[in-house]
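Chemist: Chain by chain, the residues:
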Amino acid sequence: MMKKYFQRNISGEAARILFLFALFSIFITLFLGLLLSNHRIFPEFKFLPFQVLRPLHTLFALSWVINGSIASVLAFMKVNLKAEFSWIIPALFLTSAGFIMSGNFTGREYIAWPPFVSIVFILLFISLVFWFFASLKKAYNIFSESTWMIALGLLLLPASLIESNYYLFHESISIGRDIAIEWHAIDSLFGSVNLIGYGILSFILRKQFADSVSSWKFQFTLMISLVGLLLTFGHHFYPSPQPSILKTVAFTASMVAIASLWLKRFPEKSNNIDDIYITFAMYSVYWTLFSIVTGVLMSIPSINNITHGTYFVVAHSMGSLIGVNTFIILSAIFYLTKEGYFQRADVSTNQSNNYFNKSLLLKLIFYFNITLMIFVTILSVTGLMANMPIESIFLSSGIMYKLIFATGSLLFALLVPIIFAAIQKLYWFK
Amino acid sequence: MTYNYTKAIIAFSIFTYFTVFFVLSGIPDFENSSHEINEVAISGRKIWLKNNCISCHSIYGLGGFLGPDLTELAGRRDNIYIRQVILNGTGKMPAFRFSDDEVNSLLAYFQYTFDSRNTSR
Chain R
1 MMKKYFQRNI SGEAARILFL FALFSIFITL FLGLLLSNHR IFPEFKFLPF QVLRPLHTLF
61 ALSWVINGSI ASVLAFMKVN LKAEFSWIIP ALFLTSAGFI MSGNFTGREY IAWPPFVSIV
121 FILLFISLVF WFFASLKKAY NIFSESTWMI ALGLLLLPAS LIESNYYLFH ESISIGRDIA
181 IEWHAIDSLF GSVNLIGYGI LSFILRKQFA DSVSSWKFQF TLMISLVGLL LTFGHHFYPS
241 PQPSILKTVA FTASMVAIAS LWLKRFPEKS NNIDDIYITF AMYSVYWTLF SIVTGVLMSI
301 PSINNITHGT YFVVAHSMGS LIGVNTFIIL SAIFYLTKEG YFQRADVSTN QSNNYFNKSL
361 LLKLIFYFNI TLMIFVTILS VTGLMANMPI ESIFLSSGIM YKLIFATGSL LFALLVPIIF
421 AAIQKLYWFK
Chain A
1 MTYNYTKAII AFSIFTYFTV FFVLSGIPDF ENSSHEINEV AISGRKIWLK NNCISCHSIY
61 GLGGFLGPDL TELAGRRDNI YIRQVILNGT GKMPAFRFSD DEVNSLLAYF QYTFDSRNTS
121 R
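Protein sequences appear in the order of chains R and A.
Numbering-wise (my numbering), the first sequence opens with residue 1 and increments by one.
Numbering-wise (my numbering), the second sequence opens with residue 1 and increments by one.
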């Protein structure tokens with residue numbers, strides 16, 4: 001039935017273009033990440049100034065999750081988008097990269113491209129919302145919950161970009177309000193790609209979770225999780241000048257995220273080597289657990305006092321972005337190819353089967369996860385040390401930064417073949 | 001029934017999102033009138049943004065961690081020291097060719113962020 005759903009009356013070219021650009025983006029993100037960590041160890045070696053490298057790094061990370069998420073939406077929800085039109089999104093990201101490299105940045109966190117690029121992005125995302133609702137009924141009958149999660153994610157995408165440019169219209173905005181709105185916009189942006197991601201994941205795993213989605217427990221926990229997702233930004237402004245009532249609400253909302261653990265279910269491991277997408281999905285669920293636990297820990301004021309503004313926050317975001325979003329997008333690519341979405345008439349199944357060794361790929365995925373675990377542990381320890389007396393012994397000697405660089409290099413080396421396997425999947429189906 | 005319930009969840013979530021945004025953007029500034037941002041500090045913030053200082057430094061933890069958080073810089077260091085670091089750089093930080101007015105604006109911005117610590121929390 002699913003093969004028919006994915007193969008009937010569709011052109012996978014738009015999704016393929018966006019997936020390919022997403023894979024290109026994660027390659028660039030990791031490479032720039034290595035150059036950034038190199039700045040700590042060899043500050044005299046300057047390939048590009050740090051104030052250019054960092055926004056470029058975050059831009060391509062956003063490009064990875066946004067392009068991957070939109071490509072997944074096009075494919076899973078069967079949104080009819082012409083391939084020529086899909087090039088606009090990669091073109092906008094490349095234009096933004098050009099502006100950042102030439103020193104034209106907004107100086108804001110993550111959304112560093114000029115405001116007029118944001119306007120085009122916003123118009124494009126609003127159009128996408130309309131196209132999505134126009135094709136809603138095709139996917140809705142298969143799994144309504146994931147359809148609605150994706151719908152909410154798509155609605156929040158332009159909303160968060162509008163919010164992030166609020167400061168342009170209020171020149172004398174106070175630092176407290178500016179920071180509160182900027183954090184809210186950033187978290188809404190990541191909240192939107194997370195909602196799309198989890199919508200896709202629940203679509204992929206719908207067979208395994210079919211018995212529980214209609215239960216009141218699922219619905220209730222989903223509601224609490226979604227509301228928590230929209231309010232968890234609050235822990236960021238414990239140290240900043242906000243009214244105490246806002247901090248109390250933020251703390252309460254962050255603690256609500258614990259309820260999502262109730263919803264947590266782990267997919268059953270597949271013995272079929274062709275089901276690599278389940279392996280990716282399984283790891284994304286494990287990393288979601290990590291993301292929730294570290295997020296809740298950081299929301300406890302006494303712990304936040306130690307972790308805020310340190311590498312512990314980076315560990316949380318790396319674990320979430322690489323562990324959750326990356327594996328969901330890779331799972332989507334492998335699932336879609338299995339279902340025949342990118343089927344090419346000129347490539348036979350036997351021919352395409354020879355391109356990579358599946359058991360080797362499974363080993364690479366396993367070692368990548370182990371390395372990622374070591375990587376976030378090192379980042380967490382570095383973050384926790386920042387406000388402790390032992391900081392001067394370890395951090396000033398540079399040992400921790402060398403470890404970050406070493407494990408980051410290993411992550412890069414392990415992810416490159418996985419990226420190539422995904423590209424092969426996109427072009428030489430199965 | 002399930003479908004309608006899911007739609008209600010989505011509608012409630014969107015309502016929550018926009019409520020939070022309007023509360024954040026609509027409430028009066030959190031600061032005492034003596035700590036309102038002035039024209040010079042606004043110029044300082046523009047210089048801060050234009051040079052992407054946030055890539056290495058943070059204010060209230062928002063930004064990069066390569067350099068120190070600068071929220072309380074004006075309380076830790078005097079203006080002469082800060083001026084020298086901006087104009088001459090350090091081992092890790094590059095020198096910035098700012099005019100006197102630009103440096104003064106940045107100093108006013110740092111003074112403003114330092115003063116904002118003592119407002120309602």
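Quick caveat, the hints were computed from the structure, so don't treat them as lab data.
Source: prediction; values computed, not measured.
All residues carry an ideal CB built from backbone N, CA and C; glycine is no exception.
Certain hints may be false.
If you only want the chain R side, here are some residues facing chain A, beta carbon under 10 Å, derived [said to hold, decoys possible]: (1) T106; (2) P158; (3) F237; (4) V249.
Calculated from the model, a selection of chain A residues having no Cβ within reach of chain R, i.e. all distances over 10 Å [to be verified]: (5) I9; (6) K50; (7) G75; (8) D78; (9) N79; (10) Y81; (11) I82; (12) Q84; (13) I86; (14) F98; (15) E102; (16) N104; (17) L107; (18) A108.
Chemist: All hints are to be evaluated individually against the structure, with a verdict given for each.
Modeler: Status of the hints after comparison with the structure:
no., hint, result
1, T106, "6 Å, holds"
2, P158, "12 Å, violated"
3, F237, "7 Å, holds"
4, V249, "9 Å, holds"
5, I9, "5 Å, violated"
6, K50, "6 Å, violated"
7, G75, "15 Å, holds"
8, D78, "22 Å, holds"
9, N79, "19 Å, holds"
10, Y81, "21 Å, holds"
11, I82, "18 Å, holds"
12, Q84, "19 Å, holds"
13, I86, "14 Å, holds"
14, F98, "15 Å, holds"
15, E102, "14 Å, holds"
16, N104, "18 Å, holds"
17, L107, "15 Å, holds"
18, A108, "13 Å, holds"
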